[in-house]
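Protein chains: 2
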Amino acid sequence: MNIESVDLFYLSIPQVRDIGDGSQDALLVRVRAGNHTGWGECEASPLVSVANYVCPMSHSACKPVRDIVLGRRIESPQDIVNLGHAVRAAGLDIAQTNHTLSGIEIACWDLLGKARQEPVYRLIGGGRSYPKTPYASQLFGDDPQQTLMKAKSASQAGYRAVKFGWGPFGRGTAEQDRDHIAAAREGVGQDVKLMIDAGTVWGDDVDKAARRLDTLEQFHALWLEEPFVGEAFGAYRALADHCRHVRLAGGEGADNAYAAQHLIEHGGIGYVQIDTGRIGGIAPARRVAEYARDKGVVFVNHTFTTHLALSASLAPFVDMEAFDLCEYPFEASSLARELYHDELALREGQVRLPEVPGLGVEPNMKALKRYLVDVRIEAKGRVLYATPKPD
Amino acid sequence: MNIESVDLFYLSIPQVRDIGDGSQDALLVRVRAGNHTGWGECEASPLVSVANYVCPMSHSACKPVRDIVLGRRIESPQDIVNLGHAVRAAGLDIAQTNHTLSGIEIACWDLLGKARQEPVYRLIGGGRSYPKTPYASQLFGDDPQQTLMKAKSASQAGYRAVKFGWGPFGRGTAEQDRDHIAAAREGVGQDVKLMIDAGTVWGDDVDKAARRLDTLEQFHALWLEEPFVGEAFGAYRALADHCRHVRLAGGEGADNAYAAQHLIEHGGIGYVQIDTGRIGGIAPARRVAEYARDKGVVFVNHTFTTHLALSASLAPFVDMEAFDLCEYPFEASSLARELYHDELALREGQVRLPEVPGLGVEPNMKALKRYLVDVRIEAKGRVLYATPKPD
Numbered sequence: 019m020n021i022e023s024v025d026l027f028y029l030s031i032p033q034v035r036d037i038g039d040g041s042q043d044a045l046l047v048r049v050r051a052g053n054h055t056g057w058g059e060c061e062a063s064p065l066v067s068v069a070n071y072v073c074p075m076s077h078s079a080c081k082p083v084r085d086i087v088l089g090r091r092i093e094s095p096q097d098i099v100n101l102g103h104a105v106r107a108a109g110l111d112i113a114q115t116n117h118t119l120s121g122i123e124i125a126c127w128d129l130l131g132k133a134r135q136e137p138v139y140r141l142i143g144g145g146r147s148y149p150k151t152p153y154a155s156q157l158f159g160d161d162p163q164q165t166l167m168k169a170k171s172a173s174q175a176g177y178r179a180v181k182f183g184w185g186p187f188g189r190g191t192a193e194q195d196r197d198h199i200a201a202a203r204e205g206v207g208q209d210v211k212l213m214i215d216a217g218t219v220w221g222d223d224v225d226k227a228a229r230r231l232d233t234l235e236q237f238h239a240l241w242l243e244e245p246f247v248g249e250a251f252g253a254y255r256a257l258a259d260h261c262r263h264v265r266l267a268g269g270e271g272a273d274n275a276y277a278a279q280h281l282i283e284h285g286g287i288g289y290v291q292i293d294t295g296r297i298g299g300i301a302p303a304r305r306v307a308e309y310a311r312d313k314g315v316v317f318v319n320h321t322f323t324t325h326l327a328l329s330a331s332l333a334p335f336v337d338m339e340a341f342d343l344c345e346y347p348f349e350a351s352s353l354a355r356e357l358y359h360d361e362l363a364l365r366e367g368q369v370r371l372p373e374v375p376g377l378g379v380e381p382n383m384k385a386l387k388r389y390l391v392d393v394r395i396e397a398k399g400r401v402l403y404a405t406p407k408p409d
Numbered sequence: 019m020n021i022e023s024v025d026l027f028y029l030s031i032p033q034v035r036d037i038g039d040g041s042q043d044a045l046l047v048r049v050r051a052g053n054h055t056g057w058g059e060c061e062a063s064p065l066v067s068v069a070n071y072v073c074p075m076s077h078s079a080c081k082p083v084r085d086i087v088l089g090r091r092i093e094s095p096q097d098i099v100n101l102g103h104a105v106r107a108a109g110l111d112i113a114q115t116n117h118t119l120s121g122i123e124i125a126c127w128d129l130l131g132k133a134r135q136e137p138v139y140r141l142i143g144g145g146r147s148y149p150k151t152p153y154a155s156q157l158f159g160d161d162p163q164q165t166l167m168k169a170k171s172a173s174q175a176g177y178r179a180v181k182f183g184w185g186p187f188g189r190g191t192a193e194q195d196r197d198h199i200a201a202a203r204e205g206v207g208q209d210v211k212l213m214i215d216a217g218t219v220w221g222d223d224v225d226k227a228a229r230r231l232d233t234l235e236q237f238h239a240l241w242l243e244e245p246f247v248g249e250a251f252g253a254y255r256a257l258a259d260h261c262r263h264v265r266l267a268g269g270e271g272a273d274n275a276y277a278a279q280h281l282i283e284h285g286g287i288g289y290v291q292i293d294t295g296r297i298g299g300i301a302p303a304r305r306v307a308e309y310a311r312d313k314g315v316v317f318v319n320h321t322f323t324t325h326l327a328l329s330a331s332l333a334p335f336v337d338m339e340a341f342d343l344c345e346y347p348f349e350a351s352s353l354a355r356e357l358y359h360d361e362l363a364l365r366e367g368q369v370r371l372p373e374v375p376g377l378g379v380e381p382n383m384k385a386l387k388r389y390l391v392d393v394r395i396e397a398k399g400r401v402l403y404a405t406p407k408p409d
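Residue numbers (the working numbering), protein chains in the order written: chain Y, 19 to 409; chain W, 19 to 409.
None of these hints come from the bench; they were simulated from the model.
Values in this document were obtained by computation on a predicted structure and should not be read as measured data.
No residue lacks a Cβ here, since even glycine has one placed at the ideal position from N, Cα and C.
Watch out, some of these pointers could steer you wrong.
Listed next, with one range per pair, are the computed distances between beta-carbon atoms [said to hold, decoys possible]:
hint: 1; chain 1: Y; residue 1: Gln33; chain 2: W; residue 2: Lys384; range: 40 to 48 angstroms
hint: 2; chain 1: W; residue 1: Thr191; chain 2: Y; residue 2: His359; range: 49 to 57 angstroms
hint: 3; chain 1: Y; residue 1: Arg178; chain 2: W; residue 2: Asp25; range: 51 to 59 angstroms
hint: 4; chain 1: W; residue 1: Asp223; chain 2: Y; residue 2: Arg50; range: 27 to 35 angstroms
hint: 5; chain 1: W; residue 1: Val374; chain 2: Y; residue 2: Glu235; range: 51 to 59 angstroms
All chains, full assembly: derive it from the sequences and hints.
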C-alpha cells in the first residue's frame with residue numbers, strides 16, 4: 019500500500035500558559051493508505067512542524083517533508099525505516115525535520131500494525147510486552163508546602179515513583195532547592211522512588227549543579243534529570259564524575275538517535291529518556307533502546323502528554339524487561355485527557371500496552387474538533403496548508 | 019537602544035531547482051533600533067523559520083523567537099550574546115530555533131556596529147582584519163568532462179583553491195568518483211588546492227567513504243568534506259584514523275556551538291566549517307573559532323550564498339591570521355548576486371572585509387522587491403505573519 023494522504027491537526031487548549039506543561043497543545047497526524055488509518059503525534063511547536071511539512075523546496079537537501087512522504091510505499095517495518103532515512107536526507111538542512119517526521123513515522127507504524135493485525139511493539143521488537151511501573155511526572159509547587167501536597171497526593175494515588183521538575187527549581191539558591199526536595203521526599207515517603215528534573219536550568223554550569231548533589235544524595239533521589247542542555251556532553255560527564263549514588267538522566271531533547279547515543283557515550287548519563295515524538299519516531303527510539311541495553315544504561319520514555327504519545331513511546335522498549343520504569347502523564351491538560359479514551363489506564367498500578375493491532379489508541383473525534391485550531395499558510399500565490407476536515 | 023522592529027523577507031528565484039545550490043532562496047532579516055538598521059540572513063528553509071518566529075507559544079520552553087527579541091535592549095556585544103541565550107532557552111523544544119535566531123543575531127551585530135561606528139569583527143574579536151584566500155565552491159559536473167571544464171574555468175578565473183561537491187559524487191562507484199576527482203585535478207592543475215565535498219552521501223558508512231581515500235590521497239585533495247551526516251562522530255573518527263595526508267572537514271550543519279565542538283573533539287576533523295546563518299549567529303561561531311584555535315583545527319566559513327552571509331561568516335575569524343582560507347560563493351544564483359553590490363569582490367585575488375561600520379553589506383532594495391515572496395500565516399483567528407513592506 020502507498021501513502022494516500024497525510025493530515026496534520028493542530029490542537030490547543032484556549033489559553034496556553036507560560037508553564038512547563040507540554041500537553042497544552044498537540045500536533046496530531048493522520049496517515050491513510052490502503053483501507054487503513056494510522057495516527058501519530060509530533061512533540062513541540064505545531065505551527066513550525068506544519069510549515070516544515072509544506073514549505074517550498076529551497077534546494078536538493080532542503081525539501082518539505084510532504085514531498086517524500088506522499089505516495090510512499092509502506093509494506094514492511096523496513097519501509098518505515100527507509101522512509102525516515104529519505105525524509106532526513108531530503109530535509110538535511112532544516113533543523114525541524116525530525117520533529118515533523120516523528121508524528122508521521124509513528125502514524126505509519128500504527129497503520130502497518132493495523133494492516134498486519136499486530137501490535138506495533140511486535141513489529142519493531144518482536145518479543146513480548148512487559149508491564150512497566152509508572153512514575154508520576156509533575157511540576158514542582160510554587161513553594162515547598164505546595165510541593166509537599168503534590169507529593170502526598172501522588173503517593174496516595176498509588177504511585178511507587180514520583181518525579182518533580184521545572185517550576186522554581188534551580189532558579190533560586192541551593193537552600194531553596196533543598197527545601198523543595200525535602201518536601202517532595204517527605205510527601206512521597208521513604209519507599210517511593212523520587213526523581214528530580216532540573217529542566218536544563220543550569221545551562222552548562224557544572225558548579226551550580228554540583229551544589230545540589232549532597233541534597234540529592236541525602237534524600238535518595240534516583241536521578242537528576244537535565245541539569246544541562248542536552249548538547250553539553252562535557253558538563254554532563256564532569257557532573258557524573260561527582261555523583262555517588264544519584265545518576266544523571268537526559269535525552270528528551272534528542273532529535274536524532276546519534277544525539278542520544280552521544281549523551282550516553284560522552285555524557286555519562288545513567289538513564290536515557292527518549293521522546294518518540296521528537297527523535298524521528300519509533301524506529302530511532304528503538305535504536306537508542308538497543309544501544310542503551312548494550313551500554314548498561316537504562317532506557318525510559320519521555321511522555322508528558324497523551325496516551326497515544328505514551329503508547330508510541332513504550333513500543334520501542336516494552337519487550338525489554340529490565341527497563342521497568344515508565345514516565346506517565348499525571349497532570350495532563352484537558353486536551354490530552356479528552357483526546358483519547360484512557361486506553362493506557364493503570365491496571366494494578368502498572369502500565370500495559372494494549373494487545374490490539376497498531377498502537378491501540380484512537381482519537382476521540384469530538385474532542386479533536388473541539389480543540390482544533392484553524393491554520394492557513396499561503397506562499398508564492400498558493401495555499402500551502404489549510405486545516406483539514408477531521409472526517 | 020531597544021529592538022523596535024524585526025522584519026523577515028522571504029526571497030526566492032522563480033523556479034527553484036532540485037540541485038545542491040543553497041542560494042536559490044534566502045531569508046533576509048531587518049532589525050531596527052534607535053535610528054539604526056541592521057541586516058542579517060538565515061540559512062535554510064525561509065518558511066519554517068518565519069513560522070518559528072511567529073508560532074503561538076506551546077509551553078514555557080516552546081516560545082516563538084519574536085517574544086524574546088522585540089523590545090530587547092542592545093547596547094553591547096554582551097547584550098547580543100545574552101539575547102542568544104534567552105532565545106535558545108525560550109525555544110528549547112523547537113529544533114528550528116537556532117536557524118531562526120541566526121539572521122536576527124547577525125542583524126543585531128550589524129546594527130550595533132553601525133551605532134558604534136565599528137566593523138563587526140572589531141566588536142567580536144577586537145583584533146585586526148586579515149585577507150583570506152578564497153576557494154571557489156561549486157557543484158561537480160554531471161560527467162567528468164563537465165567537471166574538467168568547470169575546474170579549468172575556476173582556475174582560469176584566478177582561484178588558488180577550488181572545491182567540488184554534491185552532484186553525482188558518491189552516488190555511483192568509487193571508480194566513477196575517481197574519474198571526477200582526476201578531472202578536477204587535471205582542470206585546476208597541480209598548484210591549486212583541491213577540496214572534495216561528499217555532501218553526507220555515505221550517511222555513516224565508513225567503508226564506502228574509505229574506498230575513496232586512495233584516490234583523494236593520490237590527487238592531493240586537501241580535505242574530504244562531510245563524508246557523513248554531522249552527528250556521526252564515531253564514523254568521522256574511524257575514517258580520520260584511515261587518512262594519511264587528507265583531512266576531514268565538517269560542521270556546516272552545526273546548529274549550535276556544542277555540535278561543532280563535538281565534531282572536533284569526538285570526530286577528529288581537521289577543518290571545521292561554520293555557517294553563521296545556521297549556528298545561531300556570529301557569537302556562537304566565534305566561540306567555535308576560538309575552540310578550534312585551541313585544538314589545532316582550522317576554522318573555515320561555510321558560505322554558498324550572498325555577500326552579506328559571507329561578511330557575517332568571516333567576522334568571527336577574520337582576525338585569526340592562521341585561518342587563511344575562505345569559502346567564496348562562485349556559482350551563486352541571480353538572487354544572491356543582485357541582492358547586494360558585490361561588496362566583497364576579490365581584490366588581488368583575496369577577500370577582505372569592508373572597513374566600514376557594521377557588516378558593510380547593504381541590500382539592493384530593488385532586487386529585494388523583485389525576488390520577494392508573498393507569505394501569509396494565520397492561526398487561532400489572527401494573522402501571525404504577512405510579508406512586510408520593504409520600505
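Structure-based check of each hint:
no. : hint                                    : result
1   : Y:Gln33 x W:Lys384: 40 to 48 angstroms  : holds (45 angstroms)
2   : W:Thr191 x Y:His359: 49 to 57 angstroms : holds (54 angstroms)
3   : Y:Arg178 x W:Asp25: 51 to 59 angstroms  : holds (54 angstroms)
4   : W:Asp223 x Y:Arg50: 27 to 35 angstroms  : holds (34 angstroms)
5   : W:Val374 x Y:Glu235: 51 to 59 angstroms : holds (57 angstroms)
Comparing the model with each numbered hint stated earlier shows that all of them hold.
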